[in-house]
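Novice: Spelled out, the chains give:
2 protein chains.
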Amino acid sequence: MKIRHNVKRGNYGFLDSKDISFFESVIGKRNLLQEDLDGYNVDFLRSVCGNSQLVLKPGSVKEVSAILKYCNERKLAVCPQGGNTGLVGGSVPICDEIILSLQRINRIISIDQITGITVCESGCILENLDNKTREVGLVVPVDLGAKSSCYIGGNVSTNAGGLRVLRYGNLHGSVLGVEAVLASGQIIDLMSDFKKDNTGYHLKHLFIGSEGTLGVITKISLLCPPKSDAVHLAFLGLSSFDHVLRTFINAKRYLGEILSSCEMIDAGSLEASVSHFKLNAPIQGYPFYMLIESSGSNASHDLEKFNEFLENGMKNGEILDGTVTAELSKIQDIWKLRELVPVALVNNGYCFKYDISLPLREFYNIVNVMQDRVGDLAKCVCGYGHLGDSNLHLNISCEKFTEELYNRIEPFVFEYTCKVKGSISAEHGIGFLKRNYLKYSKSPESIKMMRSLKKFLDPNGILNPYKVLN
Amino acid sequence: MKIRHNVKRGNYGFLDSKDISFFESVIGKRNLLQEDLDGYNVDFLRSVCGNSQLVLKPGSVKEVSAILKYCNERKLAVCPQGGNTGLVGGSVPICDEIILSLQRINRIISIDQITGITVCESGCILENLDNKTREVGLVVPVDLGAKSSCYIGGNVSTNAGGLRVLRYGNLHGSVLGVEAVLASGQIIDLMSDFKKDNTGYHLKHLFIGSEGTLGVITKISLLCPPKSDAVHLAFLGLSSFDHVLRTFINAKRYLGEILSSCEMIDAGSLEASVSHFKLNAPIQGYPFYMLIESSGSNASHDLEKFNEFLENGMKNGEILDGTVTAELSKIQDIWKLRELVPVALVNNGYCFKYDISLPLREFYNIVNVMQDRVGDLAKCVCGYGHLGDSNLHLNISCEKFTEELYNRIEPFVFEYTCKVKGSISAEHGIGFLKRNYLKYSKSPESIKMMRSLKKFLDPNGILNPYKVLN
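From first to last, the protein sequence lines are chains F and W. With our numbering as the guide, the letters of the first sequence map in order to residues 27 to 496. With our numbering as the guide, the letters of the second sequence map in order to residues 27 to 496.
Hints were generated in silico from the structure; no laboratory data involved. Keep in mind it's a predicted model, so treat the numbers as computed, not measured. Hints are not guaranteed to be accurate.
In this list, chains with the same sequence are indistinguishable; a pair is considered to hold if it fits within one copy or across any two.
Said to hold, decoys possible - List of simulated lysine-lysine pairs, DSSO-like, C-alpha gap at most 27 Å:
hint, residue 1, residue 2
1, Lys447, Lys362
2, Lys474, Lys88
3, Lys445, Lys44
4, Lys481, Lys101
5, Lys426, Lys405
Just chain F, same shape as in the assembly (with noise of 0.2 Å):
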């Protein structure tokens, strides 16, 4: 494990024996711990360790209220953490914050079947809540690999993507409404039950996707679209990047209204979790693997869309082999190929990964650039992703971290992608590790515009210190 920072911790409070006792009296003295705190401090990826003596659980929003008025008046730090499941250092403390965790918060409140509106507390674990509105015919709009564990405040806090924002968008347009505490204790309440509602300044974005630096989110009102009587998936192999582009193109062209994931594998990422997890992949032997799903209301319709699809593909030559399936179980188990390569790349040994927008026609060069550039330094650079969302997760695995390969890497991926116009983050967002490159992708004035709109917000910065702006 190579935790990755020496950070100066900054001008906060020191916790001391009367912090705690305000606490206990607060959420009472089982939903405060003070050891063994290893999995509180520890991100995913074991790239960046916190050194919090304290983990605070409250219950509801007036003890988040509480605890955060009493922090910004002793100027204590604060970490709010969801499920730990973020891949940039966001949801770990870096110095001693107080780690606040919403777990507790974990209420489904309401599932309006007609409309699709689903109102819940920010401590639901993703996966719980999807499981939950699948039961009335719902899905929630965003789903990712690390939906047994993440929390759905922290997909919200994070503007998390994942597998489906081809069909559903982002967060920005699916939340329809949040409650937050502010760094003062001050409970606002953003909620709407509407799809519109064009009542003033639409001030929920301000938490969607702000990492828990703005404010701390309790509750969420979310539009759950209708669930697909019919899923069709198909793992294709194919021979080179211009023949999945040009699959992708198709794919829109031929299912339409009906496309739902499109993602894309290479040939390292797919040995990857095929040999970690000593997975069965149904084709082999290709450069480039492709996942392409259809969800719509009528299978034989779906079908009859997807065999066009594919016969053409295979007719062009870019498609060379591949399977369709409509099975439940034969889709998981493809998904899993798929969800497990990260997980594969970060169990071996050690990881650096970028989570990247990139332009189609420069989508894959830079795996390539980056190989060149890190040589046998690295065991494996491959690159794996939603295709469909121009977001390119590009991977570079090793025995253990060396700065000899760090430096190989950063800044020059960062300004790669800046060079091509990209985005450094698509969709895992800043937290602590990106904060420095932040200037590749965002504009002085708007940097500018962040910190005084933090400094607004929460003016002794005692919200989710050192992540997103440095």
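Chain F is fixed; fit chain W onto it per the hints.
Specialist: The following block gives chain W in isolation, referenced to the frame of chain F:
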């Protein structure tokens, strides 16, 4: 015409000849109007009339910047104006604000056929932009009755809704980036060419739906979905609102992912457009009508779905009569019946217009309640709108504005909406006409936060004063 306001002029500077000289030096004499300003001073509904003596038509973002910087220093109030089609008095001056027209900043910069990403300036007329995107197989995700004169910049500034929110969601989801000019003259580049860009705070949302009070949008990056090859439109007659609601639920079930619009018109609304514009409705004599549109990629699949939906509705006695067509000219004729309702109601004297979101079970009650309340004072109390988005347009037309009728309607209509937990503005915004009623939809602390945000971004309050906040 009733000019419904008696507002005390704010503490702003007064225009003098030096100001005129400065503006002439920035934009040239011919882009500055000082006469015949009625078309700029009076809103579409003819309910608000300003007394501006000056219209400026900058040709670039730099000119907008220079104008605002100067106005901010001189404390001259500014009313940004797009196509002036707003329905809440947000786009006209209230006192003598300088009108900043975006009409010359109207280039379409790029349209990416593959990703759908379209970049344009804010003065583009919505219909022109839509026509251009259609040439390469895309559509603009916002569509509304005023499309031939409204500007995309105004649509984004007001988070305009319209006919296809049901399918494509709202503009917070579709707008990928904006360029805006702050009150200080500072140009903020928040453009993005990507669907996914999680680099820092999502500041663009501050300008989407804040009605020109926080900044002036000059450029937009918009995600345009593919144009549908097959469009079907049904015009249905129904006997009760209960049947309307059940038909909506069935449309979602049978049409699934191809459902692109679900509108309701009551008898009074249809009668208004039919009689005023001498139109032919395919069917008449029912208390309720629905327009249900599908947009898909396969005409025969779509028609099969549509027929199944209609057969089921007729068998159950929910749909009494109707017609369905895929012919473009017939589709346009049917849409006219709907789109001309508001125009007909306005042209027939005076019309009180309310644009509200309501829980579906409460959706139509308010029309009956208002009918009882206003009695003979009104010519017509009717309701139509975007049922699929829970958005009702309640209209009360009369020969001419009277205080008596006004007092019967307001604030009752807002109190009622608040009581049933609706929103007092679904898509039209707050503008000038609803600023005193904001409290019915927003909590005191969120209004307070709005005020401090306004102060933060526009300390002299020069941008679109008297709007949104009172």
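Novice: Are the hints correct? Go through all of them and say.
Specialist: Hint check results:
Taking CA atoms no more than 27 Å apart as the test, Lys447 paired with Lys362 passes in neither setting, with 32 Å inside one copy and 43 Å between copies. Taking the shortest Cα distances, Lys474 and Lys88 sit within 27 Å of each other only across copies (20 Å), while inside one copy they are farther apart (33 Å). In this assembly of identical chains, Lys445 and Lys44 lie within 27 Å of each other by CA distance neither inside one copy nor across copies; the values are 52 Å within and 45 Å between. Taking identical chains as interchangeable, the C-alpha atoms of Lys481 and Lys101 lie at most 27 Å apart whether they share a chain (14 Å) or sit on different chains (26 Å).
Within a single copy, Lys426 and Lys405 get their C-alpha atoms as close as 10 Å, which meets the 27 Å cut-off; across copies the closest is 79 Å, which misses it.
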